[in-house]
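Construct all of the structure, not just a fragment, from the sequences and the given hints.
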Amino acid sequence: MSAGVGVDLENLWIRFGDFVAVRDANVHIKGGDFFSFLGPSGCGKTTILRAVSGFLEPSEGNVLIGGNNMKGIGPNKRPTALIFQNLALFPLMKVWENISFSMEIAGASAKERRKRADELLDMIALSDQGDKLPSELSGGQRQRVAIARALCAEPDVLLLDEPLSALDLKLRQHMRTELREIQKRVGITFIYITHDQGEALTMSDDIAVMRAGVIDQIGDGKTIYNDPATAFAASFVGENNVFRGKVLEVNGNEALIRTNRSGDLRSRISTANLGKLAVGDDAMMFIRPEALDLAPTGTKGENFVTAQVTHEEFEGNTFNIFMEGDGGKEIKVAIPNHGQSFDDHTGQAMTLEYEVDNAVAVPAGELAAE
Amino acid sequence: MPSFLKDFFNRNGTLMGSLMLGLVLFWTVGLIILPQLSMLDFSFRPNLPPPEIGGPKDVYTLENYKYLVFGPEGGSQDYNAVDLKVFFRTLVAAVCVTIFNLILCYPIAYYLGQTKGNHIRILALMLIIPYWINEILRAFALRIIFGESGVLNTILVGSGIFDTPFDFIRNDIALYAGLGYAYILLMIFPIYNVIESLDHNQIEAARDLGAPWWRIHKRVVIPYAKPGISSGCTMVFMLSAGALAAPQILGGPSSLWFTQLIYQQFNDNSDWPQGAAYAVVLLVTCILLVLAVMRLFKVNMGDIGK
Ligand SMILES: Nc1ncnc2c1ncn2[C@@H]1O[C@H](COP(=O)(O)OP(=O)(O)OP(=O)(O)O)[C@@H](O)[C@H]1O
Ligand SMILES: [Mg+2]
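Top to bottom, those sequences are chains A and B. For the first sequence, my numbering gives the first residue as 13, with consecutive numbering after it. For the second sequence, my numbering gives the first residue as 7, with consecutive numbering after it.
There may be inaccurate statements among the hints.
Stated by the list, open to error - No more than 30 angstroms apart at the CA atoms, straight line, and that leaves these computed lysine-lysine pairs for DSS-like:
| no. | chain 1 | residue 1 | chain 2 | residue 2 |
| --- | --- | --- | --- | --- |
| 1 | B | Lys232 | A | Lys123 |
| 2 | A | Lys83 | A | Lys106 |
| 3 | A | Lys127 | B | Lys224 |
| 4 | A | Lys106 | B | Lys224 |
| 5 | B | Lys304 | A | Lys106 |
| 6 | B | Lys304 | A | Lys123 |
| 7 | A | Lys182 | A | Lys344 |
| 8 | A | Lys144 | B | Lys224 |
| 9 | A | Lys182 | A | Lys144 |
| 10 | A | Lys127 | A | Lys83 |
| 11 | A | Lys144 | B | Lys72 |
| 12 | A | Lys196 | A | Lys106 |
| 13 | A | Lys123 | B | Lys224 |
| 14 | A | Lys106 | A | Lys42 |
Unchecked claim - Counterexamples of contact, computed for chain A against chain B with all Cβ distances above 10 angstroms:
| no. | residue |
| --- | --- |
| 15 | Ser147 |
| 16 | Ala178 |
| 17 | Arg280 |
| 18 | Asp305 |
| 19 | Pro308 |
| 20 | Gln360 |
Stated by the list, open to error - Selected chain A positions facing chain B (Cβ under 7 angstroms, derived; list incomplete):
| no. | residue |
| --- | --- |
| 21 | Asn81 |
| 22 | Gly84 |
| 23 | Ile85 |
| 24 | Asn88 |
| 25 | Pro91 |
| 26 | Phe96 |
Rather than coming from a laboratory, the hints here were simulated on the basis of the structure. Nothing here was measured: the structure is a model prediction, and the numbers come from that model. Glycine is no exception: its CB is placed at the ideal position from the N, C-alpha and C atoms.
Here's what the structure looks like:
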């Protein structure tokens with residue numbers, strides 16, 4: 013497999029009038045990586061992708077593809093291919109003509125084009141469907157045709173703008189695996205955009221978490237999930253319980269936090285904030301629902317939380333307990349279902365325990381909208 | 007009763023349904039089909055003074071059609087060269103006006119349809135408002151622009167580009183401009199309608215795959231806009247071939263439009279059968295031409311209605 017062509021964003025700013033859509037983005041994407049931009053709707057993901065593909069000139073900063081500055085190079089001249097949020101297949105062309113459109117532009121003969129289209133159709137498991145129109149295919153099939161059409165242009169970088177968002181859950185999960193496999197096979201760089209953290213975590217080598225035009229954190233899935241750099245990253249990626257408070261002590265990579273409701277709690281400081289989070293700072297501590305466990309009621313300590321149960325639910329693989337939490341948010345506890353008996357605790361006070369290493373403290377900041 | 011009729015009555019009620027159906031029938035049959043049939047009937051009859059109508063001389067004949075081709079019986083020429091020339095020139099000119107209009111209107115329609123923002127509505131309004139003015143007044147306005155001492159000549163001569171005024175009217179430039187201008191909206195709006203519904207991502211997708219702008223139009227936009235283009239072209243062609251006001255006002259003294267011949271037959275010569283025959287020939291030829299072109303470009307009749 014070739015090393016692939018990398019993409020760099022250097023001090024990238026994009027403004028629409030007074031509105032800043034992307035603020036000082038610096039990203040290094042390694043050649044051959046599957047890189048995701050993850051963020052809520054409207055945070056500027058599509059805008060970044062359009063800057064990479066060339067449909068939008070950055071207000072400031074540079075886009076480098078394979079080390080070459082792309083300034084002034086139009087989208088039809090860049091070694092990228094974009095898969096649109098709505099696919100944008102050409103409705104009046106047959107599937108094979110859609111796929112081989114880039115070759116038609118390059119002046120290839122119909123015979124060559126058909127041959128290449130058939131190879132790609134084999135690859136996406138749609139052999140013999142080449143003579144159909146896109147409207148005669150299912151959603152997942154159209155999806156694959158869009159991928160084949162982009163791959164036929166032999167781009168160095170494939171850009172995908174939430175290509176799975178229109179599909180139903182089952183198909184989406186299936187297509188995740190398929191996309192990842194295709195990426196490994198062709199070995200080119202994929203830049204993938206999504207607001208679905210599950211997609212980002214399962215497919216990506218690296219993820220950039222975006223919030224309102226700002227990139228909060230870049231890292232692999234495990235880092236993002238276990239060691240978030242900001243309150244936003246902690247609350248946006250996966251479910252998380254938040255405890256607000258002030259830093260009381262810092263010992264090495266641990267902090268003691270005086271929380272608003274749950275007493276003094278001990279937590280690990282996230283790597284990005286080591287040496288930055290200081291005594292007296294407003295902080296937020298995050299513990300995942302699956303990292304909390306039931307403890308004998310009334311136990312006290314720096315890794316015990318006691319609160320009132322508001323309601324419970326049975327989700328199949330877990331029992332979920334919801335307790336009164338900080339600032340109107342509930343604390344969620346997920347107890348794995350091993351077939352044990354399970355009493356209703358609604359209205360009672362319960363005590364939870366956690367391992368200090370599973371709690372992570374970051375400076376207080378904006379949380380993701382639920 | 008066919009199911010679509012049943013649906014129609016269920017939706018609108020029996021009374022309202024019958025009323026609407028009745029009005030539509032009255033409109034198509036009473037106001038379009040019957041008068042045209044009577045024209046057709048006229049065209050096959052000799053021009054007789056009123057007392058002789060229905061008399062022994064009132065028989066079906068091809069005289070009127072022969073006249074267009076061969077001219078008056080015992081005339082000096084083998085063919086009715088004058089009228090035939092006018093006929094073909096009208097058709098060719100109408101085709102030219104249509105093509106010219108298409109070339110002019112397609113970019114405008116594309117721009118209107120694919121650009122977002124409030125200024126588009128203002129632009130569209132600016133295109134529409136001049137059409138509140140009566141067709142005849144608009145034609146005279148063009149006469150003022152193109153006339154010998156008109157605005158254009160004043161500018162051209164004044165700025166020294168031409169030494170003497172150019173006769174735009176005698177050279178039929180005013181006529182073509184007038185005809186083109188008269189039906190611009192009928193070309194723009196059908197094309198605008200389809201192009202507006204074209205997903206802009208398709209244009210970007212084509213560009214992203216390496217297509218230069220003209221390839222994007224050739225392969226993506228024009229095929230998509232084909233129904234609008236054909237309906238615009240059909241209307242402009244039919245209407246300019248059948249135009250009367252613009253040729254009357256803007257045509258040069260020597261160049262007649264075929265509709266003017268028809269008008270003369272009806273009005274000056276009081277020869278309704280002859281006029282009817284000319285009108286029928288023009289109508290049928292235009293329809294055949296449109297059908298042939300539609301077949302050439304593989305357009306369906308259903309698309310025209312879009
Ligand atoms: N052409 C434009 N003019 C003005 N503002 C724009 C333009 N394009 C995007 N924006 C703004 O920039 C912000 C980011 O838009 P963008 O399309 O990148 O969001 P996104 O992260 O892709 O969201 P989604 O997940 O909903 O697709 C939005 O607030 C949007 O309103
Ligand atoms: Mg988007």
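Structure-based check of all given hints:
1. For the given pair, B/Lys232 sits about 27 angstroms from A/Lys123 by alpha-carbon distance, which is consistent with the 30 angstroms threshold.
2. Proposed proximity of A/Lys83 and A/Lys106 is contradicted: the alpha carbons are some 35 angstroms apart, above 30 angstroms.
3. The straight-line distance between the Cα atoms of A/Lys127 and B/Lys224 is roughly 24 angstroms, inside the 30 angstroms bound, and the hint therefore holds.
4. Annotation: proposed proximity of A/Lys106 to B/Lys224 holds, straight-line Cα distance about 16 angstroms (limit 30 angstroms).
5. The suggested pairing of B/Lys304 with A/Lys106 holds, with an alpha-carbon distance near 17 angstroms, which does not exceed 30 angstroms.
6. Among the hinted pairs, B/Lys304 with A/Lys123 is consistent with the structure: their alpha-carbon atoms are about 24 angstroms apart, no more than 30 angstroms.
7. In summary, the hint linking A/Lys182 to A/Lys344 is supported, as the alpha carbons are separated by about 27 angstroms, within the 30 angstroms threshold.
8. A C-alpha spacing of about 21 angstroms is found between A/Lys144 and B/Lys224, which places the hinted pair at or below 30 angstroms, so the restraint holds.
9. Only pairs whose Cα atoms come within 30 angstroms are accepted, and A/Lys182 paired with A/Lys144 is accepted, the gap being roughly 25 angstroms.
10. Taken as a hint, the A/Lys127 and A/Lys83 pair is broken in the structure, with Cα atoms around 35 angstroms apart against an allowance of 30 angstroms.
11. About 53 angstroms separates the Cα atoms of A/Lys144 and B/Lys72, which puts this hinted pair outside 30 angstroms; it is violated.
12. About 28 angstroms separates the Cα atoms of A/Lys196 and A/Lys106, which keeps this hinted pair within 30 angstroms; it holds.
13. Between A/Lys123 and B/Lys224, the direct Cα distance comes to roughly 21 angstroms. Compliance with the 30 angstroms bound is thereby established for this hinted pair.
14. The straight-line distance between the Cα atoms of A/Lys106 and A/Lys42 is roughly 35 angstroms, outside the 30 angstroms bound, and the hint therefore fails.
15. Non-interface status of A/Ser147 relative to chain B is upheld: no Cβ of that chain comes within 10 angstroms, the nearest being about 13 angstroms off.
16. With a least beta-carbon separation of about 13 angstroms from chain B, A/Ala178 lies farther than 10 angstroms from that chain, consistent with its non-interface assignment.
17. Look at A/Arg280: its CB is around 45 angstroms from the nearest CB on chain B, clear of 10 angstroms, so calling it non-interface holds up.
18. With a closest Cβ-Cβ approach of about 49 angstroms to chain B, A/Asp305 is found to remain outside the 10 angstroms limit, as its non-interface label requires.
19. At roughly 59 angstroms from the closest C-beta of chain B, the C-beta of A/Pro308 stays outside 10 angstroms, upholding its exclusion from the interface.
20. No beta-carbon of chain B is positioned within 10 angstroms of the beta-carbon of A/Gln360; the least distance is around 55 angstroms.
21. Annotation: interface hint on A/Asn81 violated; nearest CB of chain B at approximately 19 angstroms, more than 7 angstroms.
22. Given hint, A/Gly84 at the interface with chain B, is violated; its Cβ is 15 angstroms from that chain's nearest Cβ, farther than 7 angstroms.
23. For the restraint placing A/Ile85 at the interface with chain B, the shortest Cβ-Cβ distance is roughly 12 angstroms, beyond the 7 angstroms limit, so the hint is violated.
24. Taken as an interface hint, A/Asn88 checks out: its beta carbon lies about 5 angstroms from the nearest beta carbon of chain B, inside 7 angstroms.
25. A cut of 7 angstroms between beta carbons decides the hint on A/Pro91: the least distance to chain B is about 10 angstroms, and the hint is violated.
26. Interface hint status for A/Phe96: upheld, as the beta-carbon distance to the closest one in chain B is roughly 5 angstroms, under 7 angstroms.
Hint compliance for this structure: hints 2, 10, 11, 14, 21, 22, 23, 25 are not met, and every other hint is.
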